[in-house]
Amino acid sequence: MKRGLNVALAVAIAAAASAARADITIGVTLSATGPAASLGIPERNTFELLPQSIDGQKINWVILDDASDTTKAVTNTRKLITEDKADVIIGSTVTPNSLAMVDVVADAKLPMISMAASGRIVDPSNPRTYWVFKTPQSDTLMADAIAVSMKANGVRTMGYIGFADAYGESWLAEMRNSLKTAGIEIVAAEKYNRNDTSVTGQVLKLIAAHPDAILIGASGTPAATPQKELVARGYKGKIYQTHGVANADFLRVVGKDGNGTLLPSGPMLVYEQLPDSNPLKKSDATYVTQYEKRFGTRSTFGGHAWDAWQLLAQAIPKALAKAKPGTPEFRAALRDGLETANVVGVHGVFVMTPHDHNGLDNRGRVMVKIEDGKWVLQK
Amino acid sequence: MDLSIAALLAQDGITNGAIYALLALALVMVFAVTRVILVPSGELLTIGALTLAAFDQGHVPGTVRLVAGAAVLAGVIEAVRRARRGEGRRALAGAALWAGIPLALAALAAWMGPRKLPLAAEVAMALALTGALGPLTWKIVFEPIADASVLVLLIVAVAVHFVLTGLALYFFGAEGSRTPPFSSASFDIGALRVSVQSLLVLATSALAIAALALFFGRTLYGKALHATSVNRLGARLCGISPDFAGALSFALAAVLCAFCGVLIGPITTLYYDSGFIISLKGFVGAIIGGLASYPLAAAGSLFVGLIEAFSSFWASAYKEVIVFTLIIPVLLWRSLVTHHHEEDE
Chain A
1 MKRGLNVALA VAIAAAASAA RADITIGVTL SATGPAASLG IPERNTFELL
51 PQSIDGQKIN WVILDDASDT TKAVTNTRKL ITEDKADVII GSTVTPNSLA
101 MVDVVADAKL PMISMAASGR IVDPSNPRTY WVFKTPQSDT LMADAIAVSM
151 KANGVRTMGY IGFADAYGES WLAEMRNSLK TAGIEIVAAE KYNRNDTSVT
201 GQVLKLIAAH PDAILIGASG TPAATPQKEL VARGYKGKIY QTHGVANADF
251 LRVVGKDGNG TLLPSGPMLV YEQLPDSNPL KKSDATYVTQ YEKRFGTRST
301 FGGHAWDAWQ LLAQAIPKAL AKAKPGTPEF RAALRDGLET ANVVGVHGVF
351 VMTPHDHNGL DNRGRVMVKI EDGKWVLQK
Chain B
1 MDLSIAALLA QDGITNGAIY ALLALALVMV FAVTRVILVP SGELLTIGAL
51 TLAAFDQGHV PGTVRLVAGA AVLAGVIEAV RRARRGEGRR ALAGAALWAG
101 IPLALAALAA WMGPRKLPLA AEVAMALALT GALGPLTWKI VFEPIADASV
151 LVLLIVAVAV HFVLTGLALY FFGAEGSRTP PFSSASFDIG ALRVSVQSLL
201 VLATSALAIA ALALFFGRTL YGKALHATSV NRLGARLCGI SPDFAGALSF
251 ALAAVLCAFC GVLIGPITTL YYDSGFIISL KGFVGAIIGG LASYPLAAAG
301 SLFVGLIEAF SSFWASAYKE VIVFTLIIPV LLWRSLVTHH HEEDE
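Line by line, the protein sequences give chains A and B. Residues 1 to 379, numbered by my numbering, are exactly what the first sequence covers, in order. Residues 1 to 345, numbered by my numbering, are exactly what the second sequence covers, in order.
Bound-form chain A, shown alone (with noise of 0.2 Å):
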């Protein structure tokens, strides 16, 4: 509550302060409650890290929680928009509601960076993606990590399993394509929701068909569920789990029956483990060190929010040398900055092209594995 206060207080203030001198105003629209919680909370700590200013000119940061709700996102950014004068948007936590913010921004010509997985959001096909750029590794490489390392285990055929929701059709809609190259085949898909209290006819389902490995396509900690079905059912092969899953309250709920699991995830989870050559150990480290200081363990969520940052420090200071912020001009400059960007995040080395508003490539992803509740890094 007393945080909520202080949130509107701090509101309050920038937007008088806004109105008085031309800082540059920065809006966050993110799910720090409903069913993206675990992932929008993170996000919102790792804003508070950020600095107040840059090249001397004050940042105002306006920060509003969208629950997770589409509509809620697109009045959030229009409001971001109107009321805040925002130079920049960055938001949001989910693929839907940043798909559904992708139009707003392309109409009000103003740069967006959004924390959501799927590459359709920053899609070079549609010319609406022009003002959007996301952090978040795509799915398409994500899936790829989990082809190759299938193919290296001799796996021949997979059963998948995944929620019955935007996250888990694409993430299906994904592995097919990467399969499809690697020659293996999808014996079975089965769906779930993430509130089932059981999963056991899927679960039945799937080992009747007998495949070598399961990928489980499901976030956070409801990706347990089935993993612990599988287990008790008496699953021998192989389970993935997609990078959903990297946070530390997984490994709490999965348990002992995590152990070999295999995900792809970004290099933030194990920095420590990466060789010191790796030009992202140092960045990981700068910041996982303050995030744990204040927030407790790290979590994956919380470095799109930083890598967003990043960028814009880069982007921020190429514009103000072209004009002053508030302006479309501003706004203008920002995002050709942030299309010129080349920047050592947390999840990857950022290298954006006007055909790749992502741009992050294979050092942004590594394979690891759960062993008693520990990340591994596999070599």
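Worth flagging that the hints you see were computed from the coordinates, not collected in a lab. Among the hints, a few may not be true.
[As the list claims (entries may be wrong)] When the alpha-carbon atoms are kept at most 20 Å apart in a straight line, the in silico EDC-like pairs for lysine to aspartate or glutamate are as follows:
1) K256/A with E175/B
2) K109/A with D257/A
3) K324/A with D55/A
4) K256/A with D56/B
5) K369/A with D257/A
6) K256/A with E371/A
7) K116/B with D56/B
8) K109/A with D84/A
9) K374/A with D243/B
[What the hints assert, rightly or not] According to the in silico footprint, chain A covers these stretches of chain B (three or more CB under 8 Å from chain A):
10) 174–181
11) 202–215
12) 261–273
13) 313–319
[What the hints assert, rightly or not] For each label pair, taking beta carbons as the anchor points, the in silico distance ranges come out as:
14) A208/A with A146/B: 48 to 58 Å
15) F162/B with R233/A: 36 to 46 Å
16) R89/B with R78/A: 28 to 38 Å
17) E371/A with H59/B: 23 to 33 Å
18) L200/B with A166/A: 30 to 40 Å
Each residue gets a CB set at the ideal place from its N, CA and C atoms; glycine is no exception.
Chain A is fixed; fit chain B onto it per the hints.
Using the frame of chain A, we list chain B on its own:
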């Protein structure tokens, strides 16, 4: 599908169905006595389970602060209400009663938090704490509008559901928890592996249903509740306080819901917002019983559990659709076989 898979699915469906049955009983009871459809029953379920999970991890559960806050609020409301009626001295006594008992419970729970007592004590405390939320909700929210129409009560109940979901997020955080199983043992009957935990769920559900039947059939308080549900005005004329009946039924319902949470906690991961969909399934069961019959509601809930298990095998993507579509033929059937009578108000 072979026989062993069918048997496994049936076992799974009956276990879940037993939980829905308990929820359905709570819904039917509260509706009969107070005409409130207990939409927040799912939240009480999750709060019960998450409280136990917090005890298990050696934390002081957020429920302590929640109950303490609600207790103070209820005490103030009771004092003001009585003072307005000119019952000066009893105002203090009423406030002390409404605020005192839950506060004492909360204090005891706070003391227990870091101390890892035996599981039975933790379960009892989780039930008591969550149970206290029942009468407190009644006192703060429903008692002042106890005579409103069913529709108003329903809308308020939906509001309470949202408030409790929000509070649960605030107090327990966004991530889910599991509670330790009472027993991780299992044994084989032929090809079928039966876990002791699911047998425990069944046995305790059956026990709870029997206890409820005994309570309503044999005890004075049970009969008073039953009388209120049959005829509120008549019960009042006989000296039964409808306010007391309301508070008692809410307390029982809250304990039942929390009990469901404790039962289901080891089987599945529960989140602050998991309860709603579980309580909706209990609601479908209760509707099959016409929101009036306990045995029919229990049977209906078992049926819902079985349908859910088998549809998750055949068509997992449409599982919820199948379960909730069930309510349409049921409503059709009920509207054909029962005589519709207007509510007298």
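Among the hints numbered above, which are violated by the structure, and what are their numbers in rising order?
-> Those not satisfied are hints 2, 9, 11 and 16.
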